[in-house]
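Asker: Based on the sequences and whatever the hints tell you, model everything.
Protein chains in written order, with our numbering: chain A, 1 to 281; chain B, 282 to 387.
Possibly wrong hints are sitting among the right ones.
Claimed, not checked - In silico contact screen, one side only, chain A against chain B (beta carbon under 8 Å); selected entries: (1) Ala27; (2) Ser73; (3) His133; (4) Met245; (5) Leu262.
What the hints assert, rightly or not - Beyond 10 Å from chain B on every Cβ pair, some chain A residues (computed): (6) Lys116; (7) Lys157; (8) Pro241; (9) Ala243.
If you're looking for bench data, these hints aren't it; they were derived computationally from the structure. Keep in mind the model is a prediction, meaning the values are calculated, not measured. By construction, the Cβ of each residue, glycine as well, lies at the ideal position given by its N, Cα and C atoms.
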Amino acid sequence: MEIPYTREARPDTGLYNAKVGIWLFLASEVMLFGALFSTYILLRVGAPPNLWPHGWLNVPVGTANTLVLITSSITTVMAWASCKMNNFGKFKFYHACTVLLACTFVGIKSYEYHDKFVHYEMELKDGKFADGHMVENKLVRADDGTYSGYAVIKGHKVEKREELYDLHARHSKGGGTEAQSEAAGAHEGHQELRVEGSDIKAMSNYGPWHNTYTAIYFTLTGLHALHVIGGALVIGFLWGPGAKMWKTDPERFTNRVEVSGLFWHFVDLVWIFLFPVLYLL
Amino acid sequence: MSDQHSPDHFSHHFRRYLFVFYALLFGTIVTVLASYIPFGHRAVNIGVALFIACGKAFLVAGYFMHLVSEKKMIYGILAFTAFFFAGLMALTLWTFGDFPWKTVTH
Numbered sequence: 001m002e003i004p005y006t007r008e009a010r011p012d013t014g015l016y017n018a019k020v021g022i023w024l025f026l027a028s029e030v031m032l033f034g035a036l037f038s039t040y041i042l043l044r045v046g047a048p049p050n051l052w053p054h055g056w057l058n059v060p061v062g063t064a065n066t067l068v069l070i071t072s073s074i075t076t077v078m079a080w081a082s083c084k085m086n087n088f089g090k091f092k093f094y095h096a097c098t099v100l101l102a103c104t105f106v107g108i109k110s111y112e113y114h115d116k117f118v119h120y121e122m123e124l125k126d127g128k129f130a131d132g133h134m135v136e137n138k139l140v141r142a143d144d145g146t147y148s149g150y151a152v153i154k155g156h157k158v159e160k161r162e163e164l165y166d167l168h169a170r171h172s173k174g175g176g177t178e179a180q181s182e183a184a185g186a187h188e189g190h191q192e193l194r195v196e197g198s199d200i201k202a203m204s205n206y207g208p209w210h211n212t213y214t215a216i217y218f219t220l221t222g223l224h225a226l227h228v229i230g231g232a233l234v235i236g237f238l239w240g241p242g243a244k245m246w247k248t249d250p251e252r253f254t255n256r257v258e259v260s261g262l263f264w265h266f267v268d269l270v271w272i273f274l275f276p277v278l279y280l281l
Numbered sequence: 282m283s284d285q286h287s288p289d290h291f292s293h294h295f296r297r298y299l300f301v302f303y304a305l306l307f308g309t310i311v312t313v314l315a316s317y318i319p320f321g322h323r324a325v326n327i328g329v330a331l332f333i334a335c336g337k338a339f340l341v342a343g344y345f346m347h348l349v350s351e352k353k354m355i356y357g358i359l360a361f362t363a364f365f366f367a368g369l370m371a372l373t374l375w376t377f378g379d380f381p382w383k384t385v386t387h
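Answerer: Put into structure tokens, the structure is as follows:
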């Protein structure tokens with residue numbers, strides 16, 4: 001069965017059908033991410049005073065990823081414009097760039113996730129907290145929740161858990177601007193610490209289960225990353241095997257490129273809000 | 282969006298896309314720098330960052346997604362979306378008085 005209006009516009013809408021379809025899909029996506037942003041707002045506003053984390057994410061890395069996604073957005077639109085200008089070679093070049101940039105984005109995101117999974121907070125029996133990245137883990141957890149063995153972390157000890165929440169404020173205490181303090185003090189006081197299992201009351205890494213901030217961080221960025229992967233697969237298909245259509249039906253192919261591009265720009269648009277909300281504020 | 286294929290028409294588009302690209306890069310850098318400026322209250326920092334983000338979102342949606350010159354059908358779909366999105370955020374704001382502040386413990 002022939003799918004109608006894949007090239008030419010349908011008279012009543014003035015659009016080819018796939019374009020109406022992708023916009024209806026994006027409308028549902030707005031509500032999906034809107035619900036998660038709403039959840040973020042409620043969690044943040046409902047958090048006890050001074051217990052919403054600040055400065056937990058690496059701003060330079062997040063900024064780099066933002067620039068990667070913005071660059072992929074322009075290569076996507078350039079790929080579509082190249083099709084419109086009947087320049088298939090340029091289309092291939094721009095879409096190859098888009099796929100590579102998408103892979104770069106996912107790679108950087110994976111690095112950030114890994115950083116959180118090897119970062120531990122340990123509540124000690126003396127009431128203090130040890131916090132840092134695991135260097136050596138020789139801990140054994142018994143059924144009753146007690147630990148034996150030892151762990152070596154690269155980090156620091158603090159008196160109260162609250163000191164671990166606002167890293168911006170913590171690094172600003174030393175004087176100078178916040179940016180200078182953060183740059184200079186990202187690992188201020190960090191050293192290799194050996195923590196005995198018998199001293200540990202409880203511990204967890206900074207995975208989604210750590211607190212509501214990491215839960216919403218992983219949910220939002222994880223869903224976004226799935227969109228990036230999905231979009232990259234579609235764009236990769238249009239660049240590779242799907243590009244055969246250019247020879248048989250270039251107009252329909254160009255429309256496909258436009259529809260995939262609209263999705264990709266939406267993914268970029270979501271990140272434009274995710275980045276400041278999660279990394280900077 | 283126009284369906285013209287003339288090179289002149291698209292070279293004009295290319296220039297526009299590049300301008301938007303540079304504006305987005307600039308906006309990102311400004312967002313990061315502004316987050317380090319102590320405006321006195323965190324709410325002001327949040328407002329500034331979201332204002333810049335809205336500007337960047339307008340550029341992406343308006344020019345990369347061609348919403349500045351789309352068909353009425355698309356605007357209709359987006360009007361419904363905007364209505365329900367605004368409703369969702371209004372409901373979120375509405376719940377602010379309902380937090381059990383006294384019962385929240387760590």
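Asker: Each hint should be assessed against the structure and marked as holding or not.
Answerer: Now the hints, each set against the structure:
For Ala27 of chain A, the interface hint holds, the least distance from its beta-carbon to any beta-carbon of chain B being 4 Å, beneath 8 Å. The interface hint given for Ser73 of chain A holds, since its Cβ lies 6 Å from the closest Cβ of chain B, which is under the 8 Å cut-off. With its C-beta approaching chain B no nearer than about 24 Å, His133 of chain A sits outside the 8 Å limit, and its interface hint is violated. A distance limit of 8 Å between C-beta atoms decides the matter here; for Met245 of chain A the minimum to chain B is near 18 Å, and the interface restraint is violated.
Taking 8 Å as the C-beta cut-off, the interface hint given for Leu262 of chain A holds, the closest approach to chain B being about 6 Å. Listed as outside the interface, Lys116 of chain A is consistent with that label: its C-beta sits roughly 20 Å from the nearest C-beta of chain B, beyond the 10 Å cut-off. Listed as outside the interface, Lys157 of chain A is consistent with that label: its C-beta sits roughly 19 Å from the nearest C-beta of chain B, beyond the 10 Å cut-off. Its beta-carbon lying about 25 Å from the closest one in chain B, Pro241 of chain A satisfies the requirement of being farther than 10 Å from that chain.
Listed as outside the interface, Ala243 of chain A is consistent with that label: its C-beta sits roughly 19 Å from the nearest C-beta of chain B, beyond the 10 Å cut-off.
In the structure shown, a violation is registered for the earlier hints numbered 3, 4, in ascending order.
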